[in-house]
Amino acid sequence: MIRALDRKLLRDLWRVRSMGLAIAVVVASGIALLIASLICFDSLETTRDRYYARNEFGDVFANAKRVPRWVAASLDELPGVDRVDTRVVAGVTLDVPGSTEPVNGRLISLPDSGRPILNDVTLRSGRWPDPGRAEEALVNERFAQGHGLELGDPVFAVINGRQQQLEIVGTVLSPEYVYAIAGGDLLPDPKRFGVFWMARRHLATAFDMEGGFNDISLSLAEGASAQPAIAELDTLLEPYGGLGAIPRAQQISHWYLQNELTGLRGMALLMPMIFLGIAAFLLNVVLRRLVAVQREQIAVLKAIGYSNLRLGLHYVQWAVVVSVLGGVLGIALGALMSAGMLSLYMEYFRFPDLIMRWSWGHILAALLACGAASVLGAYAAVKSVVKLPPAEAMRPALPDTFRVSLLERLGLRRWLTQPLRMVLRNLSRRPARAAMSVVGIAFSAAIMVMASAAMDSLEELMQLQFNVVQRQDVTVTFFEPEGRAAFYELASVPGVTEVEPLNGMSARLRNGNRNRQVGIQALQPDARLQRVVGADYQPVQLDRAGLILSRKLADVLGVEPGETLRVEALQGTRPEQDMVVSATVDDLMGVSAYLEPDALQRFLSDTATMSGAALGIDPAARESVYAALKGMPVVAGVALQHAMLESFETFVAENVNTQLAINLLFAMAIAFGVIYNTARISLSERSRELASMRVMGFTRKEIGVVLFGELAILTAAAIPVGLALGYSMLAGMVAAYETELFRMPLVAEPGTFASASVAIAVAMGLSALVVRRKLNRLDLVEVLKTRE
Amino acid sequence: MNESSNGAATPQEGALAVSMRDVTKVYQMGEVEVHALRGVSVDLEIGGFTVLLGPSGSGKSTLLNILGGLDVPTSGQVFYRGQDLTRADEGELTQYRRRRVGFVFQFYNLIPSLTARENVELVTEISEDPLPAQEALDIVGLADRSSHFPSQMSGGEQQRVAIARAIAKRPDILLCDEPTGALDITTGIQVLEALERVNNEYGATTAIITHNAAIATIADRVVSLADGRISRQHANETRAAASTIEW
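Listed in order, the protein sequences are those of chains A and B. The opening residue of the first sequence carries number 203 in the numbering used here; numbering runs sequentially from there. The opening residue of the second sequence carries number 8 in the numbering used here; numbering runs sequentially from there.
Note that these hints are calculated values from the structure, not bench results. Note that beta-carbon positions come from the ideal geometry of N, C-alpha and C, so glycine has one too. Hints should not be assumed to be uniformly reliable.
Said to hold, decoys possible - Here are the computed distance ranges between Cβ atoms for each label pair:
no.	chain 1	residue 1	chain 2	residue 2	range
1	A	SER220	B	THR81	49 to 59 Å
2	A	GLU661	B	GLY98	44 to 54 Å
3	A	SER220	B	SER134	50 to 60 Å
4	A	LEU608	B	ALA248	39 to 49 Å
5	B	GLY210	A	PRO601	30 to 40 Å
6	A	VAL983	B	ARG88	44 to 54 Å
7	A	GLU851	B	GLU97	53 to 63 Å
8	B	ARG88	A	GLU984	24 to 34 Å
9	B	THR81	A	LEU608	47 to 57 Å
10	B	ARG88	A	VAL972	51 to 61 Å
11	B	SER134	A	VAL960	36 to 46 Å
12	A	ASP981	B	GLY98	15 to 25 Å
13	A	GLU984	B	GLY54	26 to 36 Å
Unchecked claim - Quick look at which bits of chain A chain B covers, simulated, 3 or more residues with Cβ under 8 Å:
no.	stretch
14	352-363
15	624-633
16	886-897
Said to hold, decoys possible - Computed cross-link-like contacts, EDC-like style, restricted to lysine to aspartate or glutamate with a CA-CA straight-line distance of at most 16 Å:
no.	chain 1	residue 1	chain 2	residue 2
17	A	LYS903	B	GLU99
18	A	LYS832	A	GLU691
19	A	LYS267	A	ASP410
20	A	LYS987	B	ASP78
Isolated chain A (complex conformation):
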């Protein structure tokens, strides 16, 4: 048996269903984002943690030039260490049949018997290599898929200038390469980075590592901190060319994964708050109108004995029903979205199996958030009317008082027609509501700007990095620092039009107890290809006197220009020296220190400092250049400019456009929800005067000006606010994503602002179109008979 008051509730709900629905859609959008982010976060985190635990992913990683095997025993003695694994790891150039481009490869040793102690791989197809057979290898699954490699297919690794055939006997996944990205890349490219696992004894032979190793992983006892182990490990490895140990947090695959999880958590917090806040405001506006219209009904209900509390609840229930309906829709939508988002994630983050996680807690949290938003919105609206004594509520509310609006007082009055004055005065009568409507619409524009400007910023990063900073076609890195001979060898390759030596060294920069291991690059002052350019597009003048640091690096080390750093070389005779920081540069990728070439050479007192080269090549001769590079023994890695740009474009096509579309859709839901409800409330409040105007002979178009003029003004005011808000949200996001691996420049194209503005205008047009149908059905006769 439904109580009479509840029946009234149902009928009220039905009568204003379109407004309720518009609000429910705003709630649903926020809850969908909340649920989708929470499910993705939980699923990815659980999947990752179980995978790491099962495959014994290391806690500390280090590499060195060559460490004798007997040192391994002392690794066990490091503080807090639970288990130790040593390996031979080598970077190589790969020659994959069917692909002319040289591909970067990494060869990792497997124990000659048994499974790896740490960082175990998961076999996806095929079998483990036979330790007796030198050519048998496992390959990471994504690379095999990228190149369409089957079991039994050959791949050639260039080892010491000799092509050595590897035969694929199995495909695997590794916790170290969940996000398989080559150093210096922004995005993982399955075709450009292959990881192979093969029997240790053969790999050691090929790289002169018999009786030794060059890669160390440690796992820590529960609760042990990584820092003491890292400090002692660095000391232990120093005589063997140790390059500095890193904790798991800095392991590159883990870092990207963690970064994504942090982003998801941010989204799970911020976006739903915006959506629910706007929904609360809309509920407040609609309820205020509803109780105003039902003022006399409330009086009657109180007169016959309903309590304030019961009546208050009655109206709050209306808000709760609307927002819980939105919440339920949002939960369903969010669950669907999370499946789509997770399958996109699985393209870039590779796990053996995905553990989908959702919890009743999330659903409860979502529903509670909806309930909170509705009570928040409804309470203030209902409170005043419900408190009125019945006798007072029986009397009509005091007529609205108006005053001349500010704009008119400023002297614009004589330029305004009466309908425009009506619009302005109506707005200025409820400035708080007008302001909230503006804020609501502005958030919608802001979300669009932020989403699409994030893309602009990413494109700017690519453009700056690959067209201004690195203008070469190919970047070659060497195994060891080379002298002039390597330069001439590269220059003599037919098709190579330009060669620029990249001089550098690996070093540790120390400021008190803060330190970072970085590459110090020495760039030629007249460099044409690889340059040092700040986000302001200004090439940096290399200063003979000191170091120039990436601004991010200076921040991390806590130094300012003019201060001194301790520089410890990690190669050659490992000299140390204090150097003055002369300037910082706002570069966007990685963190580096830059030094004038002669200064670098003096510091190392070594003739060979060329760690690689930047090449310009003739596009017609691309294939022969690639073939020559594959055959050069000194070449450890080859990065291709066009491949990086292509993988970026693929990423955009697969990923970003979907995300943009979803954001656009959700932002439109807000815009429509706010504008449509504003228009409907306005129509409800003003139907009497609009009908009076129709009676006086105003056409539909002319009264449309009064109603939609208000919307147009709100929308027009909201657009610039929204664009500015979107830009500052972007600035916040850029700052939040400022990392040592890359930093996004703060860029928003005019097109981004224009399309957000157009989208808001379209939302307004749609709302106006829907409301105009109601406006055209105004009952002229009815409004004349009644006192408002």
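Let chain A serve as the given structure and place chain B on it in line with the hints.
For chain B alone, coordinates are given in the frame of chain A:
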């Protein structure tokens, strides 16, 4: 006192502002048919002052709405200066109201966000040859209240603003629906005086509907309605002054 029991005299070309012939109006209220008008013929002579008298539910408001182009009859014909309004479309009716008709309503229907003067200007801005707004307010004796908002005025004052608004366009026809219905006698008489003055000095064809028989004495002609029909129709030989009536 001339009296005829049913219908109006034969329409005289040129002398009539509006004439209605055998007009019926049936509303569908859910499953019930309501016959608001059951074959009514009425003429409004140019410059005449007519009172349509009847109890509530007699159909007088429906009649006024049809005269004013706010509603269309179910059957019958309505002519404005010989032009058939029943054939007019929505846009033509809007233009008819805009150019020819001034309305005054029981609840004034002023725009609350506009001052007295601006309420009048609302109409003068869309009219072809209007009175200056200030003059219209002068006629109803509100020249000194022109910058007040409706919420700052009494009911009688608001109604007089409504009259100023209605006459400012120099309407051919002034239609008033219970203009004193929400007012006490003193302010009601002020309002009637204003209407009387507009009719006398500007020659607007005026029709007032009311249930208040006392008001009938100020008219040239009185048409009584009951149950959707004209029950009685007569002309007053002399019009009483609005200031003399009592109720």
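Tested hints:
Here the CB-CB span from SER220 of chain A to THR81 of chain B is close to 32 Å, at odds with the stated 49 to 59 Å. Look at GLU661 of chain A against GLY98 of chain B: about 52 Å separates their beta carbons, and that is inside 44 to 54 Å. At roughly 37 Å, the beta-carbon separation of SER220 of chain A and SER134 of chain B lies outside the given 50 to 60 Å, and the hint is violated. Remark: the range hint 39 to 49 Å for LEU608 of chain A to ALA248 of chain B is upheld by a beta-carbon distance near 47 Å.
For GLY210 of chain B and PRO601 of chain A, the Cβ-Cβ distance of about 35 Å falls inside the hinted range of 30 to 40 Å, so the restraint holds. At about 24 Å, the CB distance of VAL983 of chain A to ARG88 of chain B disagrees with the hint of 44 to 54 Å. Taking the beta carbon of each, GLU851 of chain A and GLU97 of chain B are about 56 Å apart, inside 53 to 63 Å as hinted. Against the hinted window of 24 to 34 Å, the Cβ-Cβ separation of ARG88 of chain B and GLU984 of chain A comes to about 29 Å, which satisfies the hint.
Evaluation of the 47 to 57 Å hint for THR81 of chain B and LEU608 of chain A yields a pass: the beta carbon distance comes to about 51 Å. Against the hinted window of 51 to 61 Å, the Cβ-Cβ separation of ARG88 of chain B and VAL972 of chain A comes to about 40 Å, which falls outside the hint. One distance hint, 36 to 46 Å for the beta-carbon pair SER134 of chain B and VAL960 of chain A, holds here, with the actual separation near 38 Å. Separation of ASP981 of chain A from GLY98 of chain B is about 18 Å and conforms to the stated range, judged on CB atoms against 15 to 25 Å.
Remark: the range hint 26 to 36 Å for GLU984 of chain A to GLY54 of chain B is upheld by a beta-carbon distance near 32 Å. Judged by the Cβ-Cβ criterion of 8 Å, the stretch 352-363 of chain A is not covered by chain B as claimed, because only 0 of its residues qualify and three are needed. Residues of the stretch 624-633 of chain A lying with their CB closer than 8 Å to a CB of chain B number 4, which satisfies the three-residue condition for coverage. Check result for the stretch 886-897 of chain A against chain B: holds, 6 residues qualifying (beta carbon to beta carbon below 8 Å, three or more required).
For the suggested pair LYS903 of chain A and GLU99 of chain B, the alpha carbons sit about 14 Å apart, so the restraint of at most 16 Å is met. Distance check on the hinted pair: LYS832 of chain A and GLU691 of chain A sit about 13 Å apart at the alpha-carbon level, within 16 Å; holds. Distance hint between LYS267 of chain A and ASP410 of chain A is fulfilled; the C-alpha atoms sit about 11 Å from each other, no more than 16 Å. Between LYS987 of chain A and ASP78 of chain B the alpha-carbon distance is near 14 Å, which keeps this suggested pair within the 16 Å criterion.
Of the hints listed earlier, those the structure fails to meet are numbers 1, 3, 6, 10 and 14, in rising order.
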